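Sequences listed follow chains R and W, in order. Quick note, our numbering runs 14 ahead of the 1-based positions in the first sequence. Quick note, our numbering runs 3 ahead of the 1-based positions in the second sequence.
Don't read these hints as lab results, they were simulated from the structure. Please note that a few of the clues may not be correct.
The list that follows gives simulated cross-link-like pairs (lysine-lysine, DSS-like), each with its CA atoms no further than 30 Å apart [what the hints assert, rightly or not]:
# : chain 1 : residue 1 : chain 2 : residue 2
1 : R       : LYS84     : W       : LYS47
2 : W       : LYS74     : R       : LYS84
3 : W       : LYS44     : R       : LYS84
4 : R       : LYS84     : W       : LYS22
5 : W       : LYS44     : R       : LYS83
Remember, predicted model here, so these are calculated numbers, not experimental data.
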Amino acid sequence: SQQGEEDPQALSIQEGENATMNCSYKTSINNLQWYRQNSGRGLVHLILIRSNEREKHSGRLRVTLDTSKKSSSLLITASRAADTASYFCATSDLTGANNLFFGTGTRLTVIP
Amino acid sequence: DTAVSQTPKYLVTQMGNDKSIKCEQNLGHDTMYWYKQDSKKFLKIMFSYNNKELIINETVPNRFSPKSPDKAHLNLHINSLELGDSAVYFCASSRDLEAGDRGQFFGPGTRLTVL
């Protein structure tokens, strides 16, 4: 299975703290993406990092990618209560089909 | 101005019935997708489709079939519904087979319950 795994499964932090989520995957990839899902809603794309990139920033988000370890991390700095959601990593493989293979998700709770 | 819309939002039906879920995108994207999210929140790709090619995940039963009347629509038809089909189904679209930097745009989901 190409399904990735995320760690931790659940994370609870105080507002203002940083949140780090990790993702591991199994196959060679074209790119890795992070998505956010609020309860009962669809997924929202956050950031994409290509296989030849090691780090990318977008606002309060920082993503790293280590293709040798087949892992990625998502850091959310200065968290807010509104960041409470589930976060999924998704990989796009080398077939060119752009199908996404999602990780198991991390449920983040930011306590005001 | 919803980018990717799905109808219905909720669908409750009896086992053995045939049902459809509609999806429309107004982004001018070339590729559309269907995903299934089960009760444990696992998301799995079912289909991807552009105007040239349908790619089917080999684990999807042939009771599921996507139908695209035009580039902006990819509807999901399900025959002979089974209890295990209960899940949330998400439609998504992207610019083309290349991801670009904006990833895929997801619809709000359709929660299917098979009784």
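Cross-check of the supplied hints:
1. R/LYS84 <-> W/LYS47: 20 Å, holds
2. W/LYS74 <-> R/LYS84: 35 Å, violated
3. W/LYS44 <-> R/LYS84: Within the cut-off at roughly 22 Å; holds.
4. R/LYS84 <-> W/LYS22: 40 Å, violated
5. W/LYS44 <-> R/LYS83: Between W/LYS44 and R/LYS83 the Cα gap is close to 25 Å, so the pair holds against 30 Å.
The structure fails hints 2 and 4 (numbered hints given earlier, in ascending order).
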